[in-house]
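Participant: Sequence:
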Amino acid sequence: MDTVVYGPSDPLDFYNQYHKNYVNKMIHAFCIPMIVLSIRIATNNVVLYFNDAPRWARVVPFSLGRNISNVYICYYISYGLFPGLTMFVYFTIIEFANHYIQSNIPRKYFLAWCLFCFGWTMQFIGHGIEGKKPALFDSIGQSFTSAPIFSMQFFYPNLLK
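Take the sequence shown: its position 137, counted from the start at 1, is 136 in numbering that gives the first Met the number 0, and no numbers get skipped.
Derived by calculation from the structure, the hints in this document are not laboratory data. Any given hint might turn out to be false.
No more than 25 Å apart at the CA atoms, straight line, and that leaves these computed lysine to any residue pairs for SDA-like [unchecked claim]:
| hint | residue 1 | residue 2 |
| --- | --- | --- |
| 1 | Lys107 | Met121 |
| 2 | Lys132 | Trp119 |
| 3 | Lys132 | Met121 |
| 4 | Lys107 | Ile38 |
| 5 | Lys132 | Met33 |
| 6 | Lys107 | His126 |
| 7 | Lys132 | Lys107 |
| 8 | Lys132 | Pro156 |
| 9 | Lys19 | Thr144 |
| 10 | Lys24 | Tyr155 |
| 11 | Lys131 | Leu110 |
| 12 | Lys19 | Arg106 |
| 13 | Lys107 | Phe61 |
| 14 | Lys24 | Asn43 |
| 15 | Lys107 | Phe117 |
| 16 | Lys19 | Lys107 |
| 17 | Lys107 | Phe29 |
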């Protein structure tokens, strides 16, 4: 299969090619948020401090995990107001779940690893059920940008219309 790169006018067409089976879509709808949460947990304490910054900026840490979420939200706003707001809520829920886990779960990194491995394993099982290879084998970049909004499209089929 030739790799086709899609532009912003049809952001999920590429990803939808690989996901036609209902069971595979359902697996992705639940497992992609697990993977997103696991990455958010793992990157929670990756913080950069800028010593050459003005004094007020030195006390504000740059949290990698939170800023990755912010970049995704800005990207999804380019899809339109409703998709952008939907994904804002999605990442806000991820942020609240991360905060709860950071505050209450002593083995949070083990939990993140389990969520990550389970999520990916289930997605590969879903692709086995569907009989198609995962989209990330053809375009890892488009897969990582499309996956979170694709998982919401299962619950809101007209999300991008």
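Participant: Compare the structure with each hint and give your call.
Facilitator: Status of the hints after comparison with the structure:
1. Lys107 to Met121: holds (21 Å)
2. Lys132 to Trp119: holds (13 Å)
3. Lys132 to Met121: holds (13 Å)
4. Lys107 to Ile38: holds (11 Å)
5. Lys132 to Met33: holds (20 Å)
6. Lys107 to His126: violated (29 Å)
7. Lys132 to Lys107: violated (31 Å)
8. Lys132 to Pro156: holds (23 Å)
9. Lys19 to Thr144: holds (19 Å)
10. Lys24 to Tyr155: Distance ~12 Å between Lys24 and Tyr155 Cα, so the pair holds.
11. Lys131 to Leu110: violated (29 Å)
12. Lys19 to Arg106: Since the Cα atoms of Lys19 and Arg106 sit roughly 37 Å apart, the hinted pair is violated (cutoff 25 Å).
13. Lys107 to Phe61: Within the cut-off at roughly 21 Å; holds.
14. Lys24 to Asn43: Not OK: Lys24 and Asn43 at ~29 Å, beyond 25 Å, violated.
15. Lys107 to Phe117: It holds: about 15 Å lies between the C-alpha atoms, which stays within 25 Å.
16. Lys19 to Lys107: violated (34 Å)
17. Lys107 to Phe29: holds (20 Å)
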